[in-house]
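Asks: Chain by chain, the residues run as shown.
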Amino acid sequence: MFLKKLFPSLPLILAIAFTSSARAEQPQLQPFAPGSYQQILANNADHPFMLVIWSITCSSCLKDMELLSSLHKENPDLKMIMLAADTVDDTDQIQQILGKNQLTGIDNWVFADENAQKLRFEIDPKWYGELPRTYFFDASHQRTGISGVMSRADYETMFAKILK
Amino acid sequence: MLRPCYKIALTFLFGLLLASGCHSSAKDVNADDPAKRALNATVSVSFGPDGRLWRLIPTDNAVFVDSSTDNGKTYGNPVKINSNIQKISTWPENPPAITVSASGRIHVLYYADEQQQSTSFFSYSDDNGQTFSKPVLISDHADSAMHYMDQMLVDNNNNIYTFWHDARDDRHSHHSAAGALSLYYAVTDEPATAEFSNRFISGGVCSCCRTAITFSPGGKPVILVRMVFPDGTRDHALITMTQNGQWSKPQRTTHDDWKIDACPEHGPALSIDTQSRAHLAWFTLGDKRQGIYYAHTDDLGKTLSEPMSLGNTGHLPGHPDVIALGSRVVLAWVEFDGNATDIVIKESTDRGLTWSKDRKILNSSAKSGHPKLVSNGEKIFLSWTSNDVGHHFIEI
Chain A
854 MFLKKLFPSL
864 PLILAIAFTS
874 SARAEQPQLQ
884 PFAPGSYQQI
894 LANNADHPFM
904 LVIWSITCSS
914 CLKDMELLSS
924 LHKENPDLKM
934 IMLAADTVDD
944 TDQIQQILGK
954 NQLTGIDNWV
964 FADENAQKLR
974 FEIDPKWYGE
984 LPRTYFFDAS
994 HQRTGISGVM
1004 SRADYETMFA
1014 KILK
Chain B
663 MLRPCYKIAL
673 TFLFGLLLAS
683 GCHSSAKDVN
693 ADDPAKRALN
703 ATVSVSFGPD
713 GRLWRLIPTD
723 NAVFVDSSTD
733 NGKTYGNPVK
743 INSNIQKIST
753 WPENPPAITV
763 SASGRIHVLY
773 YADEQQQSTS
783 FFSYSDDNGQ
793 TFSKPVLISD
803 HADSAMHYMD
813 QMLVDNNNNI
823 YTFWHDARDD
833 RHSHHSAAGA
843 LSLYYAVTDE
853 PATAEFSNRF
863 ISGGVCSCCR
873 TAITFSPGGK
883 PVILVRMVFP
893 DGTRDHALIT
903 MTQNGQWSKP
913 QRTTHDDWKI
923 DACPEHGPAL
933 SIDTQSRAHL
943 AWFTLGDKRQ
953 GIYYAHTDDL
963 GKTLSEPMSL
973 GNTGHLPGHP
983 DVIALGSRVV
993 LAWVEFDGNA
1003 TDIVIKESTD
1013 RGLTWSKDRK
1023 ILNSSAKSGH
1033 PKLVSNGEKI
1043 FLSWTSNDVG
1053 HHFIEI
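Going down the list, the sequences are from chains A and B. If you count the first sequence from 1, you need to add 853 to reach the numbering used here. If you count the second sequence from 1, you need to add 662 to reach the numbering used here.
FYI, nobody ran anything at the bench for these hints, they're computed from the structure. Where a beta carbon is used, it is the ideal one built from N, C-alpha and C, also for glycine. Careful, some of the hints might be misleading.
Quick list of in silico lysine-lysine cross-link-like pairs, BS3-like style, CA-CA up to 25 angstroms [said to hold, decoys possible]:
| hint | chain 1 | residue 1 | chain 2 | residue 2 |
| --- | --- | --- | --- | --- |
| 1 | B | K964 | B | K735 |
| 2 | A | K979 | B | K742 |
| 3 | A | K932 | A | K953 |
| 4 | A | K1014 | B | K921 |
| 5 | B | K964 | A | K979 |
| 6 | A | K916 | B | K921 |
| 7 | B | K698 | A | K979 |
| 8 | B | K1008 | B | K1019 |
| 9 | B | K1008 | A | K979 |
| 10 | B | K1029 | A | K971 |
| 11 | A | K926 | A | K953 |
| 12 | A | K1014 | A | K953 |
| 13 | A | K971 | B | K698 |
| 14 | B | K964 | B | K1022 |
| 15 | A | K971 | B | K1022 |
| 16 | B | K1041 | A | K979 |
| 17 | B | K964 | B | K921 |
| 18 | A | K979 | B | K735 |
Calculated Cβ distances over 10 angstroms to all of chain A for the following chain B residues [as the list claims (entries may be wrong)]:
| hint | residue |
| --- | --- |
| 19 | K698 |
| 20 | R699 |
| 21 | D728 |
| 22 | S745 |
| 23 | N790 |
| 24 | E857 |
| 25 | F862 |
| 26 | Q908 |
| 27 | H928 |
| 28 | L962 |
| 29 | G1000 |
| 30 | N1001 |
| 31 | T1003 |
| 32 | T1011 |
Pulled out of the complex, with its shape left as it was, chain B reads as follows (with noise of 0.2 angstroms):
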């Protein structure tokens, strides 16, 4: 037991570590900028069709939207999307999801604590961004499964789609073989009516790794996930919608061999170019490979190019992020010394067939997120958040 006054000097302790820690946050806190205080440094971005660039900024307790009408030099005030406080819950490999249509109406979808454990809350705006609607539950079986892992892709005919790791099939919940859950969807082309009708694409799927999901060039959702196969392997599978809305079995495109029970935390990433390769990024630690791989695949899945090796291996290179534009391939990971992480792209102009050497772009010895690739269509960009300096956001 502890003596009284020991107690009462514990106390003292805590107290100046509270006031400390309110003290030092009040100071670095930028109050134009929320990107700043960004929750577990995973800001989402996305780019509407008129160039705007929008950024959704989850903090404890709020998540907020901004825009920048200059390729993110500069950023409009930020507007709150929750007006009731809420418990907001990201962290790199799970970060929020913001997309913006053709007709440039804006979704985000995030992952908050409320009432029930753990779930997603589903948003729009169709004022460009001054005001944004009540959010909404998507899940049907939010008050006793997790929803989170959150993806979201809009197409040119509006309809939302909205991807999810969901443990509602996982019965025996903490006692699961092999923490494996499902992935589920929902679509629609009216938010308004908040109904999102709770679909099953696959079982099997990795808990804790995010999933990667594109268009086809026909317009239609393609998945990397990382799966754990009946005999516990949790290598990669390709899962494709038909052009009448099925999804196909998952097909198994890496061949790593890497069976472990285990929370690798580190999922896969996929970007399909206009003449329908698919190029996929990947990390492993199994039998055959070990490390980030890079290959690609021109019929979804069932070959695969030979997996080219990314990064200094003795800097856990991992994290990577893939992006193809026209005959523009380029590759993001990060790597880490000891001290610093710094982030490391490669690029390829001939359809991922050869590449340049690795280069350093970015670096922070704080904690910081994963790099994200995106594009406006004309150029590509690296998205990337660190707690030293908020934000970043560069041409590649």
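Chain A extracted, bound-state conformation (with noise of 0.2 angstroms):
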């Protein structure tokens, strides 16, 4: 509790340095805390974007990483987000994954509240919390939620309907 006292802008603080540390050749996760969905909205006002909520407990999420990584290359113009639903204690496998399929690159972030169920409510009211959950923004932020794993044609008519 002390440290709050001496330093009250304690989480600022942390979010530039994971923010600046993911300039690393390591891969940096950022911490998904509250306030943090706005934010990432703030930061691509008027473009269009994929957001990807998985786990590394997920199976359904870890057999789509080999697709999401190919999409990645095959569409330079599209911004890519990745969101593990996970702990920061989980940051060493969430990496080791991320790696092993060429996802470093991108905004990772990983969830770091303690209740994830405000976490997953402030990102949409009416997800339950099944994963993989993945959401396409179009330039005015319109979204499209969607849970489960999604085929290359899938994904490709929903990046068709935000980029036009």
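Hey, can you piece these two chains together into the complex? The hints should help.
Replies: Shown next as structure tokens:
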């Protein structure tokens, strides 16, 4: 508790630290806390993007990684953001999986609040937490949320929709 | 690259973070009550034959058992099960299991990482919980296949049934078609021999959803499980053990048509009354229904009463549990309004035909587990864990 008194802006400092360290070679994870969702929207104002929410314990998600990796390479203009619905304690495993699938060069986040339900609700009050969960945002940030593994054709249909 | 001074600053900040973590946990932990530091809000409970309430409490590196003779108002000193440090792994959908036999033997089964990646350990006590046996493996594939989602039942003849989700048949491991694996079990009446012959029940089981298991009035296990049917539909089936010990083929019981390749982490609940009516509660986001539902079946799932939608659908009602005691049936589930989690209950006094209004009985804005309903044969209780208060145990 003394920490908060000493450093009232600690979350901000940490966020900056994490963001800066993302430039290092090792993939860095930004802590996704209350407010982070709005921050992502603000950072990507007027731009379409895709937000992929996944977990190291979600077998369907892991199966999806290879396709995500190739879609990322084939569509350099489309911003892809990934959010691991795990905990900061799982950082090593998250980084390992991202590294293996060459998904380290993009914005990567990890849940960083004790109550994950609050974070999920902030993203989408109708989402029960099933994974993977993928959101496609057009330039005006109208979004479509899809649960479950998608086919290449599904992705391409959604890309066409948000990039037009 | 980071400049060295920046690195030093970062190290300092992380040091402070660690210090603050230790500081706050030391402050928060009530040394007398390990439930205050239960791992991921997963305390499990079971009544003994004498009405004593037993708790199994996982923490980061150890699991503890304690007990109460006043229905959860006070607890005796906790006893540690594992003398060696183990990295315990539990989450609300995968809590540890505790059950007490009619003779008073206490059994526990918990999921931990030790050498192999992920498996479960069994231990028991024959001296009323004063000492516990050295934890042993149940899986004979523990070095290569996950063993989790533990369930345990003990029948009146002291046969101990352990059930779990097992990845041994999933040859492609992380590349499985649909996140499906197998349901296994082992049964023994002599835990001291530590012989748990592993037996297959069914494949095509949704890996991340808890399975619900209880006894029929005839004393045989009945299982309600979220299946991954060959077309990818994740609806539920009942599987029953016949009197000669064989398992029935899964009988598809819910028909919501939820076709998805995803991890819902949202398994069903099951309770069977003395007249063999099976009461079911489950979650779906199918084409036909979305949300949580209650229904009952008198013919082991071949026909089902009209599913009843539960809860405020604007508040993500989820993780339902159900219990039947005589003609009473109680349902409990969670709702979340954006800030706090409510435990909501609903009750029937006519075996699930008519129901009371929803009633909110507990609330927390902290991280919390799933509600669990238990009975001592006379009364029904709710067990729920939240990180702010710890373990709640209240009569319904």
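Asks: Hints broken by the structure, by number, lowest first?
Replies: Numbers 1, 2, 5, 7, 12, 14, 16, 18, 27, 29, 30, 31 - these are the hints that the structure violates, sorted from lowest upward.
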